[in-house]
Amino acid sequence: MWLIALKMLFHDRAKYLGLIIGVAFSTLLINQQMGIFLGLLSRAGAIIQDVPEADIWVMDPGVKNLDTVFPLRDTELGRVRGVPGVAWAVPFFKSNATVRTATGELESALLIGVDDSSLIGMPPNVIMGSIEDLRRPDAVAVGRDGFGKVWRNQKIELGKTVELNDRRAIVVAVVQDSPKFTSSITFFTRYSQALQYTNNGRNQMSFVLAKSMPGNTAELVADNIYARTGLQALTSEKFRDKAIQYVIDNTGIPVSFGTVIALGILVGVCVVGLMFNLFVLENLRHFAVLKAIGMRNSRLIAMVLLQATVVGCVGYSVGLFGAACFFEFAGRNPNFAGFFLPWRIGLASGGVAAAIICMSSLVALRRLLFVDPAIVFRG
Amino acid sequence: MESPSAQKSPGEDAVVCRAIVKEFGDGQARVRVLRGIDLTIPIGATTFLVGPSGCGKTTLISVIAGLLRPTSGEVDVLGYRISKMRGGRLMKFRARNLGFIFQQFNLIPALTAAENASVSLVVQGMSLAAARRTSDSLLDRLGMSDNKNKFPNQLSGGQQQRVAIARALAHSPRIVICDEPTASLDADTGKAVMELLQDVARAPDRAVIVVTHDNRIFPFADHLATMSDGHIDSLDQPLVEDA
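Sequence order for the protein chains is F and H.
The first sequence begins at 87 in my numbering and counts up by one.
The second sequence begins at 93 in my numbering and counts up by one.
So that you can see chain H by itself, here it is in the shape it has in the complex (with noise of 0.2 Å):
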């Protein structure tokens, strides 16, 4: 379906999919996931994505952050057809202007949770030492000052989601792509995890994406968009509740 932004200009949109089909599989065994999404997300909101398992969610968020290619159709990107891009130029933009925070944290065990916040910002290009001064006053924000040197195992689900954040906006991206974030929190924690998320994250230039299960923590969205069987079934304001 086409969304209420649609009629905006492209420069105001964070993220603009046109028919995207995304199949895998060949033969017998081509499985369509993404059955003809139309979808615009707006910059300066926060937009989840919700629906029931294997709807698509997960890959349409793949194909909007160009790890996935879409079988067809076109998805522009803060302006961008990142659907057309490739290689060094794809990589480049997703390092400038993408920021991921993941299910399962995805921190690496080996690194401390301040050199971990730091990783988006070495991926540009800058020295672990000078990225740490950055992402230091992201985790102090973040309620981690103390925290700073320990390792992921050392940290609670909590602290390492807070850890997972820190890494997203480190290098200041115009899109936070978020897959499930609480999901492996508890009710109180998810919540804190995504007050901090809003908190942080939300920004007049920025567009934070959030695929949930979670309906406790749909009142934190300023769009819903609902997915089912490869499809966009509606795009609204949620209903505000007690969040």
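So here's chain F without its partners, still in its complex pose (with noise of 0.2 Å):
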């Protein structure tokens, strides 16, 4: 009986291609959308995520993602340091650069200072290179994919010297660092040269980074470092979903990403509930016979429902292999670095897809219980 099924499915090759397409189309864009939209969530709090070492950002009240931030006084870094429960906390400096590239275009940069002495809030996965080599005059590091960038298709080397907002940086690192939601150029430097290249003055910190001591929860000591200082002192955990959830609420990318993905399930749907139902009703004349000579109905639901299955695994697996490649590949380029594909998304496109061949099958199945088996007199 199930070779019966399966030999009567792969039989119309063209129909059974058609249905694999649906599942494996609809499989494809879920994941491939949901992968970039994720992927450009995350690139939200990238700059978070490059700093392990502290578990609390302390900057002004009024910021609420890492892209808008107002310079903190000097004399906070020593008002959270005093904060009971923080084991240290270093100044940390971000701003926008613009860096002038090997071809002689422009291109905007972001730049990171970090603690001058510490050398706190570097990406932990140097690449080339040593971070204590930042203690040099004009010395920076640049992300991997930045580098490529303004040096394009050249060997990763260190030396390079580049304008850097009109003034002299030489490359002695190259880091890992995670992608970025406004720039995929990033260079780190200490903090006192960031201010350099910025030509600003006092009083720039973007924000201050700590540590929780032992025994102390990061929540209790952001909450304290808020009481004695009137600061917004985050996790980086909820700094993170905050600056994520901006996104959300503020742009556009959650309905375009939703729409595509609602199209991609609602297309789906259409081409494989109709060409399933058309396979059925092509069939509708077998499955009548069989029931005529004596197949109970429930079999012949097993049936339809294994044709169903194979269709729905055969297309899931496609999609998602086609889903898994395009991440594979696509990830070498670096403006798609950083995007990947989460298992729960391939799981939750499983669940899609069994949804979409069950509301098929649904649809087949009643006409399969209600074909009257007296059609096989009709000629």
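It should be emphasised that the hints constitute simulated quantities derived from the structure, not laboratory data.
Accuracy of the hints is not assured; some may be wrong.
Straight-line distance between alpha carbons at most 30 Å, and here's what the computed BS3-like set of lysine-lysine pairs gives [unchecked claim]: (1) H:K242 x F:K101; (2) H:K283 x F:K101; (3) F:K235 x F:K246; (4) F:K297 x F:K150; (5) F:K93 x H:K242; (6) F:K93 x H:K283.
Using the hints, build the complex out of the two chains.
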């Protein structure tokens, strides 16, 4: 019986292919769009993610995300250090800068200034060079993707010089940083050096990074900082969530991606539903013959469900493979760096594929159950 | 009309129809297709149901096969009141006791000749591989040894009907119901198919019911029930001419 069901399914190759493509297309679209969407959202909190040492971020009370910051007074650093439960606190500078690439073009870059003495705030993964070399004059570290943008098609090497806000900068290290939301080029330097690159004076501290003492939760220490200083203090997780929520609330990105995903599901339902219905309709006479010669409805239902399951599984696998290939190959392009396919999305798209197949099967089963076996005698 | 064999005990008759009425539609659109059919079909014989188009032949065999429920009246098949059977019991009864041969063959295009012939055994729960062993010998008897692995679209009409005969007989049903088995075949092929059907289907414990327009195959009948306008006009022994 199972074999007969499968042979019936595979016999009409065009229809079988159409069914597979329908499910695969939906699965691919859901995974690809969701992956990009989540990748983009994670970029909103990329800077936080790159500083794993700090568990508290202190900032002006009005700050909602990482891109719109209001500078803190230099004295705030001392106040934060004085809050009970704070193990250490360091300044963190973030600003936009203009960089002239090797071909003479201008690009927007992100300039991060980290604590001069501890160098806390640097991404932990160093690809080439030494972070300690940042203590040298005009020394900067650059993110790997940023290096590729400034020095296109050139091998990664140290000692390269670049114009950063019209000042000379020498690359002493290349680091693996997380892709950012607004810029793919990130330069890291000491806090004092960063102030020179931006030609700003005192009181330019974007954030204070702090660490809670052992035995104190970050939440509690953050609350203490707020109570003592009046500054906004958030744990890394909360700040990242806030930055992501800001993107969700204030951009059309979720609606845009949501629309594409909804269309993918709709197309999947329509294509698979119609094709599967057509498949059952074309085989209705054969199902009626089986019914006439004594096959029970339950076994006919099992046959159709098997066919639907095979279509769902194969289509889902093809779609998921396509999405995985997309992220594998597209991820090599710096513009897509950091986009990934979380297993939960893969699983969820499996649920959607199952729902598409269930809906399609229900329509087909309705026809099957109500088919009059006496049609076998009609010419 | 009452058939000659109506006086026999129920166990000896293949089919006994009593006052069968079958109506389709409701209200003004209601059509009465069978108008009180009384008919007894004996076991061990081939009975032909003949008559003009629209006289109710196909409806009658659908009722006999349990595919349609009569509006009123009773149908006993092999001593069982099939007109009262429902659901799984009816399906099981049909699967065990009835075999069907259709005008359009109704073979499943995705299956080979051997697989199509095995379907009636698969319906009874046998695996396709085991069913093939049984149906293969039947196909051999029907002269289809060289065509077992061909798909229906690779077979001629006559060959397809032989596969359909094998499918109808593979599970050794007590009653074989044939709807216009030669209508889609030329005269010679039709005659050959009927000869094969007679050869493999006739048995002392089996009844063959054939609905047909084709008077060239009347000589294959043991009994000829003539229908018109939803009635059985006569049930006779046919005049045997050159078959």
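(message) Hint check: F:K93 vs H:K242, CA-CA at most 30 Å. Holds or violated?
(response) holds (14 Å)
(message) Between the alpha carbons of H:K283 and F:K101, is the straight-line distance 30 Å or under?
(response) violated (39 Å)
(request) Take the C-alpha atoms of H:K242 and F:K101, compute the straight-line distance between them, and say whether it is at most 30 Å. (result) holds (22 Å)
(request) Compare the distance between the alpha carbons of F:K235 and F:K246 with 30 Å, and conclude whether the hinted pair is satisfied. (result) Holds - the C-alpha atoms of F:K246 and F:K235 are around 13 Å apart, at most 30 Å.
(request) For the pair we were handed, F:K297 and F:K150, check the Cα-Cα distance against 30 Å. (result) holds (21 Å)
(request) Would you mind confirming whether the straight-line C-alpha gap from F:K93 to H:K283 stays at or under 30 Å? (result) violated (33 Å)
The structure does not agree with the numbered hints 2, 6 stated previously, though it agrees with the rest.
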